[in-house]
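These are the residues of each chain, in order.
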Amino acid sequence: MSTVAAVSLAACLAIGPAATSFAAPVVAEASPSASASADAKTLRIATAGFVDTFNPFISIYLTPTNIIRYVYESLVQNDAEDGSPTEGLAEKWEASPDGMTWTFTLHEGMKWSDDEPITSADVKYTYESMMNDPMLGTANGNLVANFESVETPDDLTVVINLKTPQAPNPGTEIPVLPEHIWSEVDDPTTFANDADVVGSGPYTLESYSANQSITLKANPNFWRGAPKIDGIQYIYYTNSDAQIQALRAGEVDLVTGLTDTQMTALEGEEGITTHAGTGRRFTSLSVNAGAETPEGVAYGTGSPALKEPAVREAIRLGIDQESLLKNVLGGYGAPATSFIPIAFEKWHLPDDDEAIVSFDPDAAMAKLDDAGWVAGADGIREKDGNRLSIRLLADAEDIVEMSASEYLVPWMADIGVELKLETTDSDTISDRTAVSDYDMYFSGWSVNPDPDYQLGINLCSSRPDAEGNGATSQDGYCNPEFDALYAEQHSELDEAKRAEIVHDMLRMHYEDVAQITLWYGQSLEAYRSDRFTGFTTQPADNGIIANQAGYWGYYTVEPVVDESSSAAEQSGPGAALWIGLGVLVVAAGVVTIVIVRRRKTAGDRE
Amino acid sequence: MTDTITPVNAEVHDEKLAEASPTRSSFLSYFGTKLGGALISLVMVVLLGFFAFRVLPGDPVRRIAQERPMSPEQIAELRRQYGLDKPVTQQFLDYLVNIFTGNLGESYVYRTPVSELIGQYLGPTLLLTGTSAIIAIALGLWLGQRAAWRNGSLFDKIATGTSLTLWSVPTFWLALILLMIFGGTLRWFPTGGMVSPGVEPGTFDYVVDVARHMVLPVVTMVAVVFAQYLMVMRASLLEEKSSDYLTTARAKGLRDDLVRRRHAVPNALLPTVTLVFMHIGGLVAGAVTVETVFSWPGLGKLTYEAISGPDMPLLQGTFVVFSTIIIVMNLIADLIYRQLDPRVRRA
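Residue numbers (the UniProt record's numbering), protein chains in the order written: chain D, 1 to 606; chain W, 1 to 347.
Just so you know, the hints here were simulated from the structure itself, not pulled from any lab data.
Backbone N, C-alpha and C define an ideal beta-carbon position, used for all residues, glycine too.
Covered by chain W, per the in silico footprint, the following chain D stretches (three or more residues, Cβ under 8 Å): (1) 49-60; (2) 130-140; (3) 203-213; (4) 249-263; (5) 430-436.
Some chain W residues close to chain D (C-beta under 8 Å, calculated; not the full set): (6) D59; (7) R63; (8) Q66; (9) R68; (10) P69; (11) E73; (12) L78; (13) R187; (14) P190; (15) P197; (16) T292; (17) K301; (18) E305; (19) P310.
Footprint (simulated), chain D over chain W, 3 or more residues, beta carbon under 8 Å: (20) 109-115; (21) 170-180.
Full structure from sequences and hints, please.
Here it is, written out as structure tokens:
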């Protein structure tokens, strides 16, 4: 190859990317406005979530389980208002007085998205599959663990016989699958279920392209009526900053899980509305008050000082929740009482409960004085030669934990407690806390509308063994009185009475200081309000749009009719700029050709 | 993981070659040594692939069960499904047997064979890194020879200065800045992904759409790496510049430009060949950052997700594949260099 050719190749390659990059948007420039109007009825959501599978029997990651909520209706749905049980496939239900038998009546005339009728046989098939095959119980097996048998006296009636009395409605949270599809599948445990899915919810899953997009389309047969938009598209963005840019550029319509800085950056952007919703999550400091196995054998490295209730109470009194909310969360949250978030007002322990204490360093010091902890030379308290020194595990990659720690350390020093910050990665924290190798660490859960599960993982019997295996425990808490109340609420069918017992339990848990609940963080979301409106939040009063315990968020959404002004503004740089750039590229090409030719003739001249 | 292999490698290879004897029979022994080295490296990678990820903290099942309403029976069932209930020695034997049959295990997260996943994600990575490599090589070599020929000129200063500045810029940062300016604010290019949803594969629109999605990641990768080609080409040509044969060529009355293109550049190109091959391996690995920022559905992003999972079989798989690519590319570089350089073959 002559050097002339080599050089011109190099030149073309150098200009090449510029040529494609400048030429391409001219084509695309025309399409955004065209596709924007054509796709105005498709809601595009940015996502980064894992998809293990869309098989409802085994799917456990957040993104697919959220989508499954939209695709398959359950017998009973969690209400948008406050998460309490409301109509799903069943229009009414009744528990026997002893709480051992629940009878559900389905709506008449419901159809799957392929027009087949929805009957009680579908419910029986789904529940029994989960009860009989442990593999099919991977995702929701715990929800049918108390089921003795399922009967279907007729096409519209489902009877669930339980092993023990149960107050929480057994028909919630289990996606009901179409028997006529699933019974034909060779192996339901490995069925991917990721294309042309037959469902009963507001949307059905049309297609899935791993790490690129997930497409849902509206189900015209949905018993509440078809959604007002044609469908939903989840588009993958690994990087959360890229999601923000995609929202600004109008490539997606909804972004969730923002940080407070991202939220602030988006405020005031034209056509975008930011939304801070009351979520179903709490953040806490888990306190190791002495871990024991269910058999009562102590294990772990927890500080003996934390076994003293006075020390735990003092630590709580020394923490300024309001200040953390303001400085760490940018104000996007609510002060917390206990582990049932304010989103579930019925069960939540009210802020004005007599047990709730507020920030009071003087009271904290008085408690420690009374307990015999005396300040030493450096201000840190001592008793019997032991320093009041507590380790706090924090995730070095978690900005919120790191920033909260910066406040906690001096606050504790103020009351004479040395807080030693140990920063590490989340895997190490998970491993160390599993074997109780900690004093305190940042923890938190997303809580379901019914409090039963969350209460249940605070029982003595929920504690794991010394290797961290076996049951799941929230904080390793154990109090036989709490256990007794749990059993009582679990079978109390009168909701008002049940709520009272739940409050008693939360108060007891608060007074025992098994954890220090720091805040209920808000869920930060932003959407293109110039394209869509009418999102239903859960709870209705300033709740969340995405990640609900229900399908309300995207069900009622509708396109904005008048988008004349914003659409024009959205379509990027003007045509003049593109024409100019096009001319430039052509000119560059001409110059290259001239140079190459000159060189060729130069060669001849020699 | 770094994006780059420093140009110093070229010099290392020079030394090796100086030792190597240029006869035919010694080529076989040279080939044998290099191939043997590569195979040993591969075996180490396979072993490391298992053990390195066993010592990492984090129990995948515990992590999945965290914050999920799961009964102990469900957790035990997951452990069984993942094969974690078996002793480590058994898991290791299974791993060895599987890897020799091309089975890299099943991903915990995606519930799909790892080899299948890697196959799916390899294409986009090769497209992205291949395009970037071609552009970076062409741009670097061309600028490098121009800069060297006019050593000390304004062109030289600007080209060298710019490339070195870009080289020292963190890839992640540059990618985000480009994304914000040309994606979010100006809206010239898409902010992520490889293709817009709904575009039919195989159509003209599809090609244009993929090309648009490629611009920002390719520009990022090229900007960060072309410096090393520039520097090697520049250094190599500077060395040639003082050679006698160039004086001879000039003495013949050849135009300066022609001396450069016909005589100096072809000779100076040779040391860069090794670098090119060694670098392709590094470039594939370096795709992790760029693919993550631009949500490019390639191996880099797959690795990133495997780390955040954590998804041990998938991590093992991508680790083995990445390492294999780098080892093979290095082997090719070693062999090609020896074959190509006329000064080595002169006997």
